[in-house]
Structures are given as structure tokens and as C-alpha cells.
Amino acid sequence: MSIMNETKSASFAVHDKQASLPRHHAVIFIGLLAAGLIAPFLLAPIFVMKVLCFALFACAFNLLLGFGGLLSFGHAAFFGSASYVSAHAAKVWGLTPELAILCGTLSALVLGVVIGALAIRRQGIYFAMVTLAFAQMVYFFSLQAGFTGGEDGIQAVPRGDLFGLLSLNSDLVLYFVVFAITAAGMLLIYRIIYSPFGQVLKAISMNEQRAVSLGYRVNRYKLTVFVLSATLAGLAGATKAIVFQLASLTDVHWSMSGEVVLMTLIGGVGTVFGPIVGAAVIVTMQNYLATFGAWVTIIQGVIFVFTVMLFREGIVGVISKALKKPF
Amino acid sequence: MNDVLLSATNLTKSFGGFVAVDDVNLHVKRGQIHALIGPNGAGKTTCFNLLTKFLTPTHGTISYKGHDITAMSPADIARLGIVRSFQISAVFPHLTALENVCIALQRQRGDSFDFWRSQKVLLQFNDEACALLEDVGLSEFRDVHAADLSYGRKRALEIATTLAVDPDMLLLDEPMAGMAQADVERISELIRRISVNRTILMVEHNLSVVATLSDTISVLARGKVLAEGDYATVSQDARVIEAYIGEDHG
Numbered sequence: 001m002s003i004m005n006e007t008k009s010a011s012f013a014v015h016d017k018q019a020s021l022p023r024h025h026a027v028i029f030i031g032l033l034a035a036g037l038i039a040p041f042l043l044a045p046i047f048v049m050k051v052l053c054f055a056l057f058a059c060a061f062n063l064l065l066g067f068g069g070l071l072s073f074g075h076a077a078f079f080g081s082a083s084y085v086s087a088h089a090a091k092v093w094g095l096t097p098e099l100a101i102l103c104g105t106l107s108a109l110v111l112g113v114v115i116g117a118l119a120i121r122r123q124g125i126y127f128a129m130v131t132l133a134f135a136q137m138v139y140f141f142s143l144q145a146g147f148t149g150g151e152d153g154i155q156a157v158p159r160g161d162l163f164g165l166l167s168l169n170s171d172l173v174l175y176f177v178v179f180a181i182t183a184a185g186m187l188l189i190y191r192i193i194y195s196p197f198g199q200v201l202k203a204i205s206m207n208e209q210r211a212v213s214l215g216y217r218v219n220r221y222k223l224t225v226f227v228l229s230a231t232l233a234g235l236a237g238a239t240k241a242i243v244f245q246l247a248s249l250t251d252v253h254w255s256m257s258g259e260v261v262l263m264t265l266i267g268g269v270g271t272v273f274g275p276i277v278g279a280a281v282i283v284t285m286q287n288y289l290a291t292f293g294a295w296v297t298i299i300q301g302v303i304f305v306f307t308v309m310l311f312r313e314g315i316v317g318v319i320s321k322a323l324k325k326p327f
Numbered sequence: 001m002n003d004v005l006l007s008a009t010n011l012t013k014s015f016g017g018f019v020a021v022d023d024v025n026l027h028v029k030r031g032q033i034h035a036l037i038g039p040n041g042a043g044k045t046t047c048f049n050l051l052t053k054f055l056t057p058t059h060g061t062i063s064y065k066g067h068d069i070t071a072m073s074p075a076d077i078a079r080l081g082i083v084r085s086f087q088i089s090a091v092f093p094h095l096t097a098l099e100n101v102c103i104a105l106q107r108q109r110g111d112s113f114d115f116w117r118s119q120k121v122l123l124q125f126n127d128e129a130c131a132l133l134e135d136v137g138l139s140e141f142r143d144v145h146a147a148d149l150s151y152g153r154k155r156a157l158e159i160a161t162t163l164a165v166d167p168d169m170l171l172l173d174e175p176m177a178g179m180a181q182a183d184v185e186r187i188s189e190l191i192r193r194i195s196v197n198r199t200i201l202m203v204e205h206n207l208s209v210v211a212t213l214s215d216t217i218s219v220l221a222r223g224k225v226l227a228e229g230d231y232a233t234v235s236q237d238a239r240v241i242e243a244y245i246g247e248d249h250g
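For the protein sequence lines, the chains are A and B, in the order given. If you're matching positions, the first sequence starts at 1 in UniProt numbering and goes up one per residue. If you're matching positions, the second sequence starts at 1 in UniProt numbering and goes up one per residue.
Worth flagging that the hints you see were computed from the coordinates, not collected in a lab. Treat the hints loosely; a few may be bogus.
Simulated pairs of lysine-lysine, DSS-like, Cα-Cα distance not exceeding 25 Å [what the hints assert, rightly or not]:
id : chain 1 : residue 1 : chain 2 : residue 2
1  : B       : K65       : B       : K29
2  : B       : K29       : B       : K224
3  : A       : K324      : B       : K65
4  : A       : K325      : B       : K120
Here the structure is a predicted model, which means the values were calculated and not measured.
In isolation and in its complexed conformation, chain A is listed as follows (with noise of 0.2 Å):
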């Protein structure tokens, strides 16, 4: 029986061409394009800002977890160290509003150096609860440093002009700005999904002893992922602290590594849209219920509760399944 299962399934799929990218893929893309383009004329493009700069940084952490297998509690010290470094180069060093998020972006990739490199001597659990013990270091150095301002953060931050040129005042204008970075980052996320190195990345995730033997030096891809997972996450938030002005402890706050695990997980993690979707889900959660106030958390944990008992893999995760086609 399962040997004509096999055989069947074997015909269905000899047409696939191995090593080529779904073309599915390359549909969505387009109509991501295509929404991403039309959506500030919908809705308030400072709402979708907002949107694009966690669906990216749910990709980046969807890129550790979801491919690399690593699971981290510490994601927020990426996003909100590039956040305060963003907000303090583009306010009190006055650089131009890409540099500024350069910087931002940078912090993070060396935060991701140091953070990794030791997290990754261990696994499952106690590699998450290093991460977390990291980034709550982060925290209270964000709490006590001086040029993060304390509890105020760094407030009034300003938006600049794009190479010294364009200016960004306007919402519109920023919102292009701000869409093609998000964009460039999620290809890059794609491509690396997709690319050698992705490859032997999830070899390792299914079976790290396996890759081992054959000669992988796994260490050095999972911090290679790592690295990379960090300096994307804090591509977001240093583009985050240039839309809304703003860079505060909430960016570093362990509750928004919580919010990262939940958009990924949502939206279906090791899936390539599924942490766009999370993302849009609960950001619209977070502003059209706004008036319900504390009860966004409850809310917030019972669609989460329902997702992990009724859908583990999440959204995208089980349209996937249904297709049987990988998003």
C-alpha cells in the first residue's frame, strides 16, 4: 500500500523542476506590489507604515525560526537597540534619514554577532532563554543609558530629507520610501530562503547530526542565519523609529519579542507570507480595537490560544496544506 502511494505521488510530482522557485511565488509578489502600492490611497498610510515595518521584522524573525529552526525570546533587542540608534543618529547627529536607519540597521548586525555567537552554544529551550536573558539586558541598558531617555525615549525625531534631497514630511512620500525598503528586505529574505545557503540551513533544521556528518560546520550557518535574522529585524525597527518620530522602551520590551513570536506564528511560521499576514492581523488588531484598551492583550491571547489549539500552522500554514502548495 505504501509502496503505490509513493509511486503515486512520484508521477504526480516528476514535472517539478527541482531547485526552481515556485512560480506561484512570483504571482503573489506582484500583488503584493500591486496592494502595496494602492494601499495609501485606501488607508491612512501611517497605519500601513506601520504594517510593512512589523511584517518585516516577523519575516526577519520567521527567517531564524521557521528556516534556521532557532527559536528566540530576544528578537526586541534587535528591533529596538536599531530603533534607538536610528532615532539618535537622525535627531542629535543629524543625518540623513537613510543613514540614520543605516546605523540602526548596522547595531543590530553587531548586536546579532555578539548576542549569537554565544547564544548558539546551546539549543531548544536554553538557546531561547539565553536570548532572552540578552535582550533583557538590552533593556535595562536602554533604561539607564543617557542617550536613550530613559522612560521618555527619543521623542521628536526627525524625519530629515532623503539624501539630503527629498524631503519626507509627507506621509505619502515617506510611505514610498518606506515600502521600497520593506520590500528590499523581504526579496533579500526570500532569495536567502532560496539560495545555497538556505538550503543547507534547513538540512540543518530537520536534522543537525545529519549535516554534521556530511560535513557541515552547522555552528557557523546558524550564526550566519542568526546574523542575518538580527540585522533585518533591525532594518525594521530603525525604519520604525523614522515613521513614527519615536524610539521607546516598548521597542525593546520583552512583551514585543512576545509580539513577533505571535505575528509568526499566526500567519504560519516557515511559510514565506505567512509573517506578513500575522503582521497585518494583529497591527489592524492593535488599531481598530484600540478603543477596547487592556482588552486588546485578552483579545490578542485568545486568537492566539485558538490558533495554536484549532490551526497550529498557522494561516498561511494551513492554506498551504490545502493547496498543497508551499506559500
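Given chain A, put chain B in place with the hints provided.
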């Protein structure tokens, strides 16, 4: 000494007070199929994990082609050309059979840290991967996820994957464990075929399986080497008979 490829000298491993492998000396000659057998709990798998560096020995040295490799990491051992299999079949479950083999072939590129390049560069390995799958009789399953293959086919895929890194030496951990008789014959035949120009050290529980396959047999019991030699010598050895019969019927 020149024809000894892998040798272990005074190899000892203790876990707390329990000595799992006790002063074992093992010399695997180039080009041979060498079997390490013994009853349950004899220390075969521990010994195996020591040789592949998945465990660190308490005492003793391991050398390969005359170089001391005792302090090397498992990945570096693999890079020298010693590749191991696992007792529980080791495949990458959510990759297709073809992708499984390609992961191993990809090692020819050295390290694959190029995350900016499309995986289309891996298409160059497809033909070689297909040839390897054909070798182990898995051609028609190339696009099936490894998780969906039967147990025997998973083992065959594992062997194809191992061959893909073209090792000088293969270490097989109970390649026939839990297999149906038809599969045992198929895998035995496969091992015989791939042993050409290669050295194989295999761990087996069952003496009869290795009888026709191996050139040299080392019998391990309670962490020590009881006897060593070809099948005729070993199977007549009184201590070996006692170790086996004592276990199976005692």
C-alpha cells in the same frame, strides 16, 4: 602499518563509573569491510560514536591515515573523508530524495554561505544526484519527500547521500537494523557494491548478516574486544559463542 586506514589505540570511554568502552584497540585496513559486532550493550554504538567524534574518548587516541584525529570536530572528520550513517535512519525528512542527495553533493562547493545567490546554481548537481539515486534503486522516488519513503528506502537514500560526499571511509551504524529480509539482501548487495575502492566499518548486532559481507570481524562484549579475525575464526571462538549464546539463550 601503511595499509591501516583508521586505528584506535587504547580507546576508553566511561560515563560516570560505567566503562562503556574499555581499552579497545581497533585497526581497520584499507579497502576492507570491517564489522564490529557484539550483543546488546557491548559498547558497539559508543565505540562508533567515539570513532566519528560524536563522543569524546576518556582515554586513547584515534588516527586516520597516520594523523592523530582525536581532537577534531565531527564536521572536520567528515571533511577528511570519514562519513558515518546513523542507527535511526538519518534523512532530511521534508526535502525530496533528490534534494537530500543534493545537500551532500553541495559539499563539493565547499561552504555554502552564499545566501545572496539563487539555489538555481544547485541545478548543476541534479544529474549526479539522479545517477546516485538510480544506483540505490530510488530513481522513481526522486521527488518524494524523504519522510514518505518506506524504512528500507530511507536507508537506501541515506547510503546514496553518504556516497554523494565520496568518502574514502564509511562508517555504518547497524545498516540492517529493523529491516525486512528482502531489504536486508538489497542493502547487503548495495554495501558490497559500494565497498569497491572504499573502506567500510560497520556495526552490526547480528553475526549472520556480516558473515558473507565482511573481511574482518571484531567481536565486542562488555566494552572489550573478545576476538578478531575472519568469520571462520571468529565464529569458532569459544568466548564469542559463549557471549552470544549466553545472551540469547541463557
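Do the hints match the structure? See the list:
1. B/K65 / B/K29: holds (10 Å)
2. B/K29 / B/K224: This hinted pair holds, its Cα atoms lying about 20 Å apart.
3. A/K324 / B/K65: Outside the cut-off at roughly 50 Å; violated.
4. A/K325 / B/K120: The hint holds at about 19 Å.
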